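Got two chains here, separate frames each, mind docking them using the hints?
Residue strings, one per chain:
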Amino acid sequence: MTKPFHKKLLEKIVEGILALSGSITSLAVLLIVIFLFKEGLGLFKRSPVAEGYVLAVNKNNPVNRIDSKVVKRIFDQEITNWKSITGKNDTIITFRLDNLNSYYSDEKIGANLENLSVCISSLVDSISGIIAFVPQKNITNDFKGKLVKPENVSAGEFFLGKEWYPTAEPSAQFGVLPLLLGTLWVSLGAILLSLPLGLAVAIYMAEVANPRIRNIFKPIIELLAGIPSVIYGFFGLVVIVPLIQSIFNLPVGETALAGSIILAIMALPTIITIAEDSIRTTPRSMKEASLALGASRWQTIYRIVIPYSISGITAAAILGIGRAVGETMAVLMVTGNAAVIPHSFLQPVRTIPATIAAELGESSQGGPHYQALFILGCILFILTLIINLTVEYISSRNKLAKR
Amino acid sequence: MISEKRRKIERSKRLSERVAFGIFRVMSLLVVGILFVILGFLVIKGFSVISWDFITKMPEDGMTKGGIYPAIIGTLYLIAGSMLFSFPIGVLSGIYINEYASNGWVVKFIRLMTNNLAGIPSIVFGLFGMSLFVNTLGFGDSIIAGSLTLGLMTLPVVIRTTEEALKSVDNSFRHGSYALGASKLQTIRRVTLPIAYPNIITGLILSIGRVSGETAPILFTVAAYFLPRLPHGIFDQVMALPYHLYVLATSGTNIEESRPMAYGTALVLIMIVLFLNLMANALRRYFSKKVKMN
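Protein chains in written order, with my numbering: chain F, 1 to 403; chain E, 404 to 697.
No false leads were slipped in.
Here chain F is said to cover these stretches of chain E; the calculated rule only asks that three of the stretch's residues, wherever they fall, bring their Cβ under 8 Å from a Cβ of chain F:
1) 408-419
2) 506-517
Restricting the straight-line Cα-Cα distance to at most 20 Å, the calculated cross-link-like pairs of lysine to aspartate or glutamate (EDC-like) are:
3) 399(F) <-> 567(E)
4) 7(F) <-> 502(E)
5) 162(F) <-> 151(F)
Derived from the structure by calculation, the hints contain no laboratory data. Keep in mind the model is a prediction, meaning the values are calculated, not measured. Ideal placement from N, C-alpha and C gives every residue a C-beta, glycine not left out.
Extracted from the complex, chain E is given alone in its bound form (with noise of 0.2 Å):
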C-alpha cells in the first residue's frame, strides 16, 4: 500500500518536472529563434538590394534609388570622433578605478556614478548634447557634437571593461614587477597594461558597436536628414546609417518605393554591429584561453 502511494508520487514528480523543463527548452528555443527570425527576414528581403554601387552610390530620386555612401561614411565619422574622446578616457579612468583609487567610498561613488550614466537613455544624451555641445558651445549640428554626445554615452562601456580586464590580472605579477623596483606608473605601463590589453580591446570593439547602432543621441545633435556628399570637416553634419534607416522607414518622401532601400540598409548596419560583436566575443574567448594555459 505504502510503495503504491510512494510510486505514484514518484512519478508525477517526476512527471511535472518533465513538464517544465519541456517548457524551458521550447521557450529557450523561442528566444534564441527571434535573432535568426530577425536576421533571416532582414537577409531574405534585403540580400537582393545589396551591390557594390549599393554601398558605394549617393541616394538619388527621393531617397529611392542609388546608395547609402554617405551615410556608411558618416557613421564611419561618428565611430572614429567618439572613440577618439571616450576610448583614452575611459581607459584612464578604469586604470585609476582599479590601480589608484584606495578602496572605500571614492570607488564605490565613482562606480555608482559610472552606473548612473549607463543606465540614462539615450533619447536624455541627445537632449544634452544638444543643450551643451550644439547650443551653448555653439558647434551647431556637426560631426564634434554627434562624436562627444556618442562618446559620453560609451564612456561607462570602455569603463567597466577595462576595470574587469584589468581586476583580471593576477597581483602575483605587479607584486614581482614592485620587487624588481619598478614604480607604480612602470608596473600599470609595463606589466599590467599589456596582460590587460586584449580585454580592453574587446570593450573598443563593443563600444564600437554600440556607437554605429545609436539613434536618438544623433537626431538632435549630428544627423543630416539627407544630404548627399560627403562632409567638408569637424563642424558639418553627415548623415549615418541608423538615422538614415528610420528616415527611409517612416518619413521618407515615398514609403513605398524606398522600402527596398530599408531593406538593404538595415541588413548592411546589423551586419556591422553583428561583426562586431562577434569578433568582440571571438577576441575575449581566444585570449582567455591563452591566459590560462599560462
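The following block holds chain F by itself, in its conformation from the complex (with noise of 0.2 Å):
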C-alpha cells in the first residue's frame, strides 16, 4: 500500500518543521555568543578617553603616548612630574575646561564661547608642563599643542586592572579584578554555606526521612526554587541585610555575607535536588551488604553511600556555585555594590551580574562604558558554559561508570 503523494509530501514538512524547533536552542547559544562577542570585543580596538574629547601638551613636551592609567594617576594628581613618565623634568599642570576661569575671564571667552579655541591653543603653548583636557571641536587646524594619544583599552588590563571606574574623566578604567573577585567571594561564601546543609537534607531525604515527611518536605523545597530572585533580594535587604549591621555593628549591613547568605538560600534547592538523585541510585545490594556485616545505617551512610554517589554530590556542588555566579537581583539589591577588591566577608562587594544591571541603563549605547558590560556578560558566559560542561563531563562519566 503506497501512500498518496500530497501525505507524504506534509509528513515531509511537519518534519522539517519540527527539526528547525529541534535546532532552536541551539541557534539561540550561537547567537547569544555573536551578539554578545559582537557588541564587546570593539572595546579592545578603542581609546578609553571619553568621547569626542583629546587630551593635549605643549609642542616640546617628547611625551607622545599615555597609558589610560597613568592619565588618571596624573589628574587624580598621584604623578606630578613629567620626569616619572619618560618626559622632561617639569611639573604637571592639569587642565579642564572647569578650571577655565583661572586662566581666563568671562569677557575675553566671549558670552557664548566663541574664543574658546583660541584660548585653549595660547594656553597649551604658553605653559610647558600642560596636559590639557578638551573637547574635539575646539581642536582647530592652527591649534599650537601636540595631542598625545592614550594606549587603547588591552585585555590585560581589562582582565588584571584593580579599577573599574567606567565613567571617570578623562580616562575611564576597565579593570575587572575587582568585579571577577567579588563575583567568586560572594559565590564560594554562599557555597560554604549551602552545601553541607544542602547535603544534610539530600541524605535526610534520601536515606532517613519515612515517605510520608518526604512528600511533604519536597515540594516545599521545589517551592523553594520557585520563588523570584527579587523577592529573595527585597527579604535579604529588610530583614538580613539590618541584622547583619547589628549583629557586627557595621556601618552599613550590605555585605559579602548578606550576598553569601541569600546566595545560600537560592542554591539550596538545586544542590538538594541533584545531591539526593545522585544519592538515591546507590544500589540496594550495596547497602544491604553494608549492614549485614553489622554496620549501623549511619556507617553505611558515610562509608558506602557517599563514596558510591560523590561525583554527583560535586556535580550538585559546581551547579549550585553556577546559580550563585549568574544570580543578579538579589546580589544587587544586599551587598552594597563597591567595586573594590574584597578583604573581609563584611564589607560591600560588587559581582559582575550585579555591574552589568546596574549601569547598562546609564551607559551610551556603542560607547566604551557599554561594550566593558558585554565583555562583563561574555565572561559570565563563558564561566557557566564551563560550569555546565563539567557538570555534563561529570554526569556522563558517571553513567557510563555505572553501566
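Here it is in C-alpha cells:
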C-alpha cells in the first residue's frame, strides 16, 4: 500500500518544521555568543578617553603616548612630574574646561564661548608642563599644541586591572579584577554555607526520613526554587541586611556576607535535588551488604552511600556555584555594590551580574562603557558554559561507569 | 570481657547514628522553615496593604500611594507574549527530540545546547535581548522585545517537560497505532500527544511562574520605571511586577514611605508564583495517579 503523494509531502513538511524547532536552542546559543562578542570586542580597539574629547600637551613635550592608568593618576594628582613618565623634568599642570576661569576672564572667552578654541590653543602653547583635557571640536587647524594618544584598552589591563571606574574622566578605567573577585567571594561564601546544609537535607530525604515526611518536604523545597530572585533580594534587604548590621556592629549591613547568605538559600534547592537523586542511585545490594556486616545505617551512609554518589554530589556543588555566579537581582540588592577588591566578608562587594544590571541603563549605546559591560557578559557566559560542560562531563562519565 | 567491649562499640555506634540523624533532621526542618519564614514575613507585612484598590489603581504620589494595576497588567502581557513564542516552539522541539531525531549525536548535541541555554544567567539574556531585539531589530524597549527575551529563556523548561512527558508514554500505544496503519504524524497527533498533554501543560505553568518573577532579562528590554497608563500596543513599554518591586525597594523617590507598597507588591508577586507552582504540582500528581490506574 503506498501513501498518496500529498500525504507524504505533508509528513516531510511537518518533519522539517519539527527539525527546525529542534535546532532552536542551538541557534539561540549561537546567536547569544555572536551578539555578546560583536558588541563587546570593539572595546579593545578604542581609546578609553571619553568620546569627543582629546588630551593635548605643549608642543615641546617629548611624550607621545600615555597609558590610560597613568592619565588617571595624573589627573588624580598622584603623578606630578613629567620626569616620572619618560618626559622632561617639569611639573605637570592639569587642565579641564572647569579650570578655564582661573586663566581667562569671561569677557575674553566670549559670552557664547566663541573664543574658546583660541584660548585653549594659547594656553597649551604658553605653559610647558600642561596636559589639557578638552573637547575635540575646539581643536582647530592652527592649534599650537600637540595631541597625545592614550594607549588603547588592552586585554591585559582589562582582566588584571584593579580599578573599575567606567565613567571616570578624562580616562575611564576598566579593570575587571574587583568584580571578578567579588563574584567569586560571594559565590564561594554561598557554597560554603549551602553545601553542608544541602547535603544534610539530601541525605535525610533519601536515606533517613520516612516517605510521608519526604512527600511533604520535597514539594516545599521545590517551591523554594520557584520564588523569584527579586523577592529573595527584597527579603535580604529588609531582614538580613539590618540583622548583619546590628550583629557585627557595622556602618552598613550591605556586605558580601548578606549576598552569600541569600545566594546560599537560592542554591539550596538545586543542590538538594541533584544530590538526593544521585544518593538514590546507590544500589540496594551494596547498602544491604554493609548492613549485613553489622554496620549501622549511619556508617553505611558515610562509608558506602556518600563515596558511591560522590560524583553526583560534586555535580550538585558545581551547579550550585553556577547558580550563584549568574544571580543578578538578589545580589544587586544586598551586597552594597562597591567596586573594590574584597578583603573580608563584612565589606560591600560588587559582582559581575550586578554591575551589568546597575550600569547598562546609564551607558550610551556603542560607547566604551557599554562595550565593557558586554565583555562582562561574555565572561559570565564563558564561566557558566565551563560549569555546565563540567557537570555534563561528570554525569556522562558517571553513567558509563555505572553501566 | 569481649562482650563488654562489643557492647561499648555498639553503644557508640548507635549514639553517633542518633546524633548524625538528629543533626540532619534539624537542618532539614531549618531549610523547610526558610520558606515559611519568608512567606510569613511577607504576609504579615503585606497583608494590610492589599486591597481591591491596591490591585486596580495606578500608582500615585511618587509611588507611595495608589496601586500596582499597570505592573500587574504588564506582567500579564509579558506572560502572554513570551508563552505565545516559547510554548509552540518548545513543544515542537520536544516532539522532534523524542519522536523524530534518530538516537545519536544529534539528540546529544541538542540536549547539550538546551542544557547550556538553561544555564545561561538571566542577565546575559537581558544583554542579548537588548542587543538583538531592542537595538539591531529596532523594536526599542517594548513588549515584543521583552517577550521574546523571556520566551527564549523559558524554552529549555518547555522542551524538557515536553520531552519527559513524551518519554513517559508507553511504547505499546505507539505500536498499537502503527499496527492499525496510522502514520507517524497521525500517531503523534491522535495518540502520543493526547496522553502526554497534561504533563506538557505542567511545563507551561512552570514557565509562566518563571516569567512572572524574572527581573534581569526585562530591565533593558521592556520594563518602565514609572508609567501610570496601560500600554498602547506591542511596541510600547510596560511596568512589570518584579521590576516594580525592585524600584520600590531600592530606588523609589521616597524609599521609607514606599515600603508598605513594596511589601504589598512582594506579597502579590509571591502569591502568583507560588499559586502557579502549586497548581503545576497538583496537576502532575493528579495525572500521574490517573495514568497508573489505567
